[in-house]
Structure formats: C-alpha cells, structure tokens
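Fit chain W to the given chain C structure using the hints.
Top to bottom, those sequences are chains C and W.
Position in the first sequence (from 1) plus 55 gives the number in the working numbering.
Position in the second sequence (from 1) plus 55 gives the number in the working numbering.
Treat the hints with care, since some could be wrong.
Derived PhoX-like pairs: lysine-lysine, alpha-carbon spacing no greater than 20 Å straight-line [claimed, not checked]: (1) C:K106 to C:K143; (2) W:K94 to C:K122; (3) W:K122 to C:K94; (4) W:K228 to W:K206; (5) C:K143 to C:K94; (6) W:K216 to W:K206; (7) C:K122 to C:K107; (8) W:K94 to C:K94; (9) W:K122 to W:K140.
Hint data in this document are derived by calculation from the structure and do not stem from the laboratory.
2 protein chains.
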Amino acid sequence: MSKVVGIDRTRGRPRKDPAEYEERRELLIRVGVELLTEKGFVSTGLDEVVKKAGVPKGSFYAYFESKEAFGLVLIDSYAQYFNSKLDKCYLNSSRSPLERISDFMTEARQNLARFDFLRGCLVGNLGQEMAALPGSFRQKIVDVFCGWQAKTESCLREAQKLGEISTDINCEKKAEVFWIGWEGAILRANLERRAGPLDAYTTDFLSSLGP
Amino acid sequence: MSKVVGIDRTRGRPRKDPAEYEERRELLIRVGVELLTEKGFVSTGLDEVVKKAGVPKGSFYAYFESKEAFGLVLIDSYAQYFNSKLDKCYLNSSRSPLERISDFMTEARQNLARFDFLRGCLVGNLGQEMAALPGSFRQKIVDVFCGWQAKTESCLREAQKLGEISTDINCEKKAEVFWIGWEGAILRANLERRAGPLDAYTTDFLSSLGP
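One chain only, chain C, in its complex shape (with noise of 0.2 Å):
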C-alpha cells in the first residue's frame, strides 16, 4: 500500500478518491474479519484493526460508523465469503450428492488445519460471545446459520432422491444437527489444536447418514 496517503488526520474526512477509499473500506474489513476469526469481537480493538490495516486511526469513522456497525458488515463479509465456498462444495455436479457434503467437511478441515487451528468460525465464535455483543447481532448470525443449514438441508434431500442416505431421515433436522455438532467440533478442535475432533464428528455424522 502507498505510504503517501498514510498521513493521520484525526477524524478527517479520507481523501476523496473513490477507488481508494473503497479499497481502505475492503482492507479494514478484510483485516476485522481475520482478527474476529481469531480473537473474537470483545478482545478486537479498533486499534488493532487499523493498526493491522496501516489506515489512519483518526479515519475509521470515515469507514464505518462504530465498532458494531462494523461487526454487522463484518457478519456479512463473512457469511457471503462462506456461502460461496458451501456452493462450491454442494453445487458441485461432478460429485454425488454425499460425496459433496463430506468434500465440505474435507474443505473445511484443510483450511482450519492450514491455520494450525487458532482460526474458528466467525460466525460460531460470535454466537459465543453473545452475551457481550450487541443485540443487533443476534438475529443476523441466527440467519446466517438457517442460510448455511438450507444449503446443507437441500444437499441431503438429493442424497435422499438418489438412495445415497437413508429415506428415514428428516433432511430439515439434520441439517441443522450437522451445524450444531459442526461448530462444536471446530470449537474443540481450537481448544485441542489439532484435528481429531472434527475428523470424529465427521466420521460420525456420515455414518448416522445410512443408507
């Protein structure tokens, strides 16, 4: 990034190109949603984001109207990010309706592993930390989390269709188990650092799926 524009007005307006200001917009964000993946939203300072970003401290403001307008654009980033990745899994034609859900769990395991397990889920993390949130979170990770479970919930349904898991199965309830026990298994696999509760998840869930 050009050092030349890295002047600290306090509060001051950013320069008035629009391309870059976007940009700085993109970075912040980007920047928050590394540190909330991390750390959570309570132990994320403003400080550190536009530390972490090189934008002027005194310029945040300029960006986003306060730290929980923030967290909200922060929410979005993160579940459109997600939503792309479970498409890629789920609408993924050369692969069986099973197959790409267990190409999910594989996915997501990679990437997790590829942080050596300090990364959770955003989206998770903050469902934790709801006590300290602000209200307005609530209802908008709840959303996110019926967004992600539709998707999984229409996969098993092929599955169904194909005889690939077993017809006894409310494909509804189960999406929204998966997720439950999904989260639960990234939480542990956190606190252990490495990845051998989401590999028994996995293992468990595929097999409770039949046929």
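This is chain W only, laid out in the frame that chain C set:
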C-alpha cells in the same frame, strides 16, 4: 455478609480469621464461576468480581495470585461441581444406563432454561476464548472434557452390555462425539435463547445409539 470487615486495605492481607478467609475465597469463586459462565474470561473484569462479591477491591490478591491463577481455580471448581452432577445422573441405579444418559440431557436443559439460556457451559465458553487465554488453561480444559467423556463412555458401555444400544457403537468415540455436539448445542441454545437446538441434538443423539 458483614459490612464491618469491608474496609479497603489495598493489597493488604485480609483479617486472619481462617473461617472468614475461606468464606470470602469461596464467595469469590462462586461469583467468578457465575460471571465466567455468562461472559467468558476476557470480558470478566476483576473489578466486577470483587464488587459483586462485596469484597474490598485491593484484597483480591490476598486470595489469588493473579487473574490467571483465579481462572484455573474457577475451572477446577466448575469441573468438580459438574462432575458431581454427571455422577448423580450416570450412577443412578434406579434408572437404566440409557435412561441415565437421557436424564443428564433433560436435567442440563432444565438448568439452561432456568437462566433463560443466558448461561452456557463455563468450560465450553473458555474453549472458545482459547486464543485470548493464558496457555495454562488449554490442558486443563482438555482434561476436564476427557473426564466427562470417560464418565459418558462407561455409561454407554453399561447400556451396550444390557443391549440398550447397538453393539456396533464404539463407546469411546461416541462419548467424544457426544461432548463435541453437546457443547455445540449449548452454543446454539445460548445464541437463539431457546431450547430448540438442545432438543434437536438430544433426539438425534439418542436415535443414533440404535439398538
């Protein structure tokens, strides 16, 4: 509690009455466990602990060496309390082993409902905060989970011996997966402020046991 001794002697030793010392220490632990269960470690300030316990602020360090040392004592205290709750269910000879497993979930659900799903599992919460916690917490939290898992495993083995659950089940793995998923269910119940996720998980877990 008596107000007479409530004089703030900054970092002074508390009055050398062993019973009173012990009583205050216990009170600090009780308040600490409550706050930790609701808010986690990072968000819980020592100021809030001493204020809620009615203990002079400066005397905290006469009871505990540091916030870290306090946290470790809180984990032990919670684990001990929770182990006795588990034993009460899992060793209840008036119920079959499978009923005991179900009883634990029912009872835990009631406890969570009593606090309007505002409180979670202290150990689960700490696991989620791990990135921001002293390293000494990690092994302690893992050990607590292993202890709980061992209790669940032996109850599952008894159920298996009596033909209540399928002989195909690996009781050790199932106990690990139970705690992974159960912590995930508490997380979601706290997020949604309702029992739904616990019920969905309970139904799915029990149906996964066969026979």
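Here is what the structure says about each hint:
Our distance criterion of 20 Å between C-alpha atoms is broken by K106 of chain C and K143 of chain C, whose separation comes to about 34 Å. As the CA atoms of K94 of chain W and K122 of chain C are separated by approximately 19 Å, the hinted pair is consistent with the 20 Å bound. Taking the CA atoms of K122 of chain W and K94 of chain C, the gap is about 19 Å. The hint holds against a cut of 20 Å. A threshold of 20 Å between alpha carbons decides the hint, and for K228 of chain W with K206 of chain W the separation of about 13 Å falls inside it, so the pair holds.
Between the alpha carbons of K143 of chain C and K94 of chain C the distance comes to roughly 27 Å, so the proposed pair goes past 20 Å and is violated. A hinted pair counts as satisfied when its Cα atoms are at most 20 Å apart, and K216 of chain W with K206 of chain W qualifies at roughly 16 Å. Taking the CA atoms of K122 of chain C and K107 of chain C, the gap is about 16 Å. The hint holds against a cut of 20 Å. Under the criterion of a C-alpha separation no larger than 20 Å, the hint pairing K94 of chain W with K94 of chain C is consistent with the structure, at around 15 Å.
Of the supplied pair hints, the one linking K122 of chain W and K140 of chain W is violated, its CA atoms being roughly 27 Å apart against a limit of 20 Å.
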